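There are 2 protein chains.
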Amino acid sequence: MNNDKGIVIIGCGAGGGTAAQFARKTDRKTNITIFEKTKYPQYSKCGLPYAISGKIPKITDLIEFSDEWFKKQKINLFLNTKIEKLDYKKKIVYGKKQNQLIKKSFSKLIICTGSKPFIPSIKNLDCEGVFTVRTIDDAEKIQKYSKKSKAATIVGAGFIGLELADNLYKMGLKINVIEALPSILATNLDEDMANIVLEKINPDVKIFNDTIVTKLSCLNTSIRSVFIKNKKTGVKNTIKTDMLIIATGTRPQVSLAEKIGCRIGKTGGIIVNEKSETNIKDVYAVGDCTEYVNFINNKPVLVGLGSITVRQAIAAGINAAGGFYKLPKGILLTFTSNIFDLEISGVGLISNLLQKDTYFYGKYNGNSLPKYYPGGKPITIKVLADKNGRILGAQAVGDKAAQRINTYACAILAGFNVETVKKLETAYAPPVAPTLDAETLACDIASLKLSHRR
Amino acid sequence: MNNDKGIVIIGCGAGGGTAAQFARKTDRKTNITIFEKTKYPQYSKCGLPYAISGKIPKITDLIEFSDEWFKKQKINLFLNTKIEKLDYKKKIVYGKKQNQLIKKSFSKLIICTGSKPFIPSIKNLDCEGVFTVRTIDDAEKIQKYSKKSKAATIVGAGFIGLELADNLYKMGLKINVIEALPSILATNLDEDMANIVLEKINPDVKIFNDTIVTKLSCLNTSIRSVFIKNKKTGVKNTIKTDMLIIATGTRPQVSLAEKIGCRIGKTGGIIVNEKSETNIKDVYAVGDCTEYVNFINNKPVLVGLGSITVRQAIAAGINAAGGFYKLPKGILLTFTSNIFDLEISGVGLISNLLQKDTYFYGKYNGNSLPKYYPGGKPITIKVLADKNGRILGAQAVGDKAAQRINTYACAILAGFNVETVKKLETAYAPPVAPTLDAETLACDIASLKLSHRR
Chain G
1 MNNDKGIVII
11 GCGAGGGTAA
21 QFARKTDRKT
31 NITIFEKTKY
41 PQYSKCGLPY
51 AISGKIPKIT
61 DLIEFSDEWF
71 KKQKINLFLN
81 TKIEKLDYKK
91 KIVYGKKQNQ
101 LIKKSFSKLI
111 ICTGSKPFIP
121 SIKNLDCEGV
131 FTVRTIDDAE
141 KIQKYSKKSK
151 AATIVGAGFI
161 GLELADNLYK
171 MGLKINVIEA
181 LPSILATNLD
191 EDMANIVLEK
201 INPDVKIFND
211 TIVTKLSCLN
221 TSIRSVFIKN
231 KKTGVKNTIK
241 TDMLIIATGT
251 RPQVSLAEKI
261 GCRIGKTGGI
271 IVNEKSETNI
281 KDVYAVGDCT
291 EYVNFINNKP
301 VLVGLGSITV
311 RQAIAAGINA
321 AGGFYKLPKG
331 ILLTFTSNIF
341 DLEISGVGLI
351 SNLLQKDTYF
361 YGKYNGNSLP
371 KYYPGGKPIT
381 IKVLADKNGR
391 ILGAQAVGDK
401 AAQRINTYAC
411 AILAGFNVET
421 VKKLETAYAP
431 PVAPTLDAET
441 LACDIASLKL
451 SHRR
Chain Z
1 MNNDKGIVII
11 GCGAGGGTAA
21 QFARKTDRKT
31 NITIFEKTKY
41 PQYSKCGLPY
51 AISGKIPKIT
61 DLIEFSDEWF
71 KKQKINLFLN
81 TKIEKLDYKK
91 KIVYGKKQNQ
101 LIKKSFSKLI
111 ICTGSKPFIP
121 SIKNLDCEGV
131 FTVRTIDDAE
141 KIQKYSKKSK
151 AATIVGAGFI
161 GLELADNLYK
171 MGLKINVIEA
181 LPSILATNLD
191 EDMANIVLEK
201 INPDVKIFND
211 TIVTKLSCLN
221 TSIRSVFIKN
231 KKTGVKNTIK
241 TDMLIIATGT
251 RPQVSLAEKI
261 GCRIGKTGGI
271 IVNEKSETNI
281 KDVYAVGDCT
291 EYVNFINNKP
301 VLVGLGSITV
311 RQAIAAGINA
321 AGGFYKLPKG
331 ILLTFTSNIF
341 DLEISGVGLI
351 SNLLQKDTYF
361 YGKYNGNSLP
371 KYYPGGKPIT
381 IKVLADKNGR
391 ILGAQAVGDK
401 AAQRINTYAC
411 AILAGFNVET
421 VKKLETAYAP
431 PVAPTLDAET
441 LACDIASLKL
451 SHRR
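Residue numbers (our numbering), protein chains in the order written: chain G, 1 to 454; chain Z, 1 to 454.
One should not assume that every hint holds.
As the list makes no split between identical chains, a pair holds if one copy fits it or if it spans any two.
Subject to a maximum C-alpha distance of 25 Å in a straight line, what follows is the list of computed PhoX-like cross-link-like pairs (lysine-lysine) [claimed, not checked]:
no., residue 1, residue 2
1, K58, K326
2, K5, K55
3, K55, K91
4, K266, K356
5, K29, K55
6, K371, K74
7, K37, K377
8, K215, K150
9, K72, K215
10, K55, K37
11, K39, K103
12, K377, K170
13, K387, K55
14, K174, K229
15, K55, K170
16, K85, K148
17, K25, K387
18, K281, K58
19, K89, K231
20, K377, K58
21, K55, K377
Hint data in this document are derived by calculation from the structure and do not stem from the laboratory. These numbers were taken from a predicted model, which means no experiment stands behind them.
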């Protein structure tokens with residue numbers, strides 16, 4: 001392998017850090033350099049809502065790999081360092097740390113520039129008390145501000161928004177959540193499944209669906225109220241609030257990749273293949289700045305999940321260091337969360353992404369234990385399948401939802417039909433699971449519908 | 001379908017009851033008759049240890065389908081009814097209930113005669129205070145007797161034995177468990193995995209491995225002590241006890257099936273196919289009285305798990321009633337239990353069943369949550385694979401072990417390799433699961449070993 005000038009990685013989030021780690025595992029000697037514009041090495045962004053509330057004791061606990069760890073691994077990590085110039089022809093990256101210019105040649109480049117929060121158009125956004133939640137710095141500011149606040153408004157009822165709602169509510173704040181779409185978690189769950197979550201959200205947390213924030217009003221530069229408007233009815237309302245947190249998704253940061261000719265896909269992310277390669281020789285890209293194809297329908301999707309970022313980074317790190325690692329031909333978009341003590345999980349496509357009459361579903365609403373055994377918890381599973389019964393997606397809400405969905409992830413990867421999964425021999429014991437687990441019963445119901453169609 | 005004389009089912013355990021239920025779902029009109037020798041309709045045998053301790057409030061709570069339920073479904077259930085004669089040529093079953101002879105013609109017969117406890121050779125077994133645990137009657141006797149006892153000895157450290165140990169210990173009894181094999185749970189777990197369980201068992205519960213019970217001694221007809229002998233060292237010992245429970249497995253009851261010519265396999269069970277058919281036309285068999293092939297190595301195994309019984313019964317019921325239902329070509333032997341608050345699960349083959357040098361394993365010992373998130377619990381997963389990496393079995397001990405093993409059940413059914421499962425996109429969120437779940441990391445370790453072999 002011609003890797004004599006080593007590997008340069010841009011960005012030390014979960015993608016960059018993991019890529020470096022696996023590059024080092026693959027090649028004990030090659031030069032590995034990471035440029036990171038913030039002062040923090042790899043940390044968990046997904047943990048931010050829990051660190052704000054103190055569920056995770058210190059925000060800096062989120063740092064998964066310290067400076068020292070990178071040093072021990074002989075990985076050159078430059079924090080507080082922006083990219084000044086990227087010369088692809090000469091294969092040199094110039095980083096700037098304060099007034100110091102750092103020049104690094106590379107044989108392979110891994111771009112892990114992540115994404116930045118999407119900010120909807122709202123008047124007076126420059127009020128004090130308005131936040132996004134993307135970095136440790138954001139979390140520290142929110143934590144500090146929330147301690148002197150009584151009410152918080154969150155824009156966006158996706159996972160981050162609702163996880164924040166949950167955590168800030170537990171800190172004692174009055175919470176309002178404003179969502180432009182017709183239901184919460186609309187990009188992750190079907191509406192009927194999202195409604196189970198909605199019921200579990202403490203009624204003191206007010207959710208406004210179909211609603212946008214139009215304007216903020218400030219008093220002495222600090223936010224005091226939020227003007228909202230229902231998109232369907234046109235009804236306007238004003239909510240008093242001490243802080244506003246914007247959690248309306250992110251946009252990939254691709255300008256650096258674009259400059260050197262990396263192809264950007266329809267979703268706005270850098271196009272990568274199953275080896276995490278871009279179209280440009282010796283250039284890899286990983287994580288939130290990329291798009292990859294969906295395993296089920298082959299359509300491009302933005303990689304917005306830490307779990308996928310880490311997997312892409314393993315591939316990029318190993319391949320850049322001269323090893324060989326291929327991901328499956330597409331991503332499953334397996335996700336989970338826990339909102340107001342309810343576990344939520346899903347994999348594959350949801351109904352909104354499917355054309356009417358091209359699919360059907362089975363939904364099972366039951367208990368995690370046999371009826372006669374005390375302590376069972378509700379579990380609802382919905383499975384979507386095409387007209388031949390092939391599983392397209394599954395959603396679960398309730399007991400051990402994530403692990404139940406992992407089985408579906410495996411089933412989708414196998415191309416399994418609902419007929420196969422309904423017969424899956426799941427583990428049974430009275431204190432653990434019923435003879436027929438919810439994950440098989442959802443398929444049983446789907447299979448019954450399938451047989452009626454035929 | 002020529003089903004005019006209807007279906008007769010012998011035995012109303014989980015097999016017979018479920019077969020009747022699914023036969024009725026398939027054919028709303030046909031005659032369905034069940035003969036059951038005890039006074040109880042379908043109940044959960046697996047729940048007996050928990051009903052004894054009162055964790056399940058009443059032993060009769062275990063009854064899953066009542067007399068009334070069968071009546072409503074127009075299924076003729078004859079309890080307390082033994083089989084007097086089975087005339088296969090004329091297709092007539094004669095049942096005897098007290099002095100009443102019940103004659104039923106059938107078009108299809110489903111044999112669900114179950115199994116009976118295996119009793120090892122022990123002197124003075126006729127002492128009072130000696131029990132097996134197979135029926136509600138057994139459980140009632142044990143419960144009553146244990147309330148006046150201070151110490152119990154359990155023969156057999158399989159699941160039933162250890163579940164009993166756990167439950168009787170929680171009732172306040174001093175417990176000794178005598179196991180003839182070198183480790184606990186020896187037919188279900190590799191020794192290293194079983195040892196994790198052993199560590200979790202309260203030290204007040206004494207386990208004697210490699211040990212057999214040779215003799216009991218009685219005082220006034222009641223058991224007072226147990227003579228044990230270590231098979232390896234020859235060392236003898238005496239244990240004071242107020243009761244002895246034998247949990248050394250079961251033997252299939254096949255005499256009725258044998259009489260009409262059903263083929264009995266090497267394991268002693270009735271041979272059935274994926275439609276739950278025996279070799280005799282129009283005769284099905286289901287559950288503990290049968291053997292079926294192992295999905296992984298095609299070798300016959302005794303069906304000793306309620307989960308498999310129920311699945312076979314679904315097939316038998318539907319097929320006998322004129323429908324069509326095929327099980328997968330073999331069983332995975334997925335199991336779970338919870339012993340001393342530790343969840344245990346497994347699927348497929350264990351090392352003892354594999355020839356040396358034909359397989360290798362990956363074992364991961366970690367945590368169920370990311371390091372930075374409080375409340376994570378230990379989880380250990382061991383995966384066995386053949387020399388090409390194809391997964392042969394998996395065992396898990398710890399957090400959500402059963403659901404994690406269900407994913408492996410699906411992976412084995414798909415014929416997946418450790419390379420595939422190590423890349424499986426599992427659900428991640430800080431309060432729920434780490435970015436790389438234990439179930440993928442066990443395969444990662446296995447895959448590393450595989451690459452070193454190549």
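Tell me the hint numbers this structure goes against, listed in increasing order. 1, 2, 3, 5, 7, 9, 10, 13, 16, 18, 19
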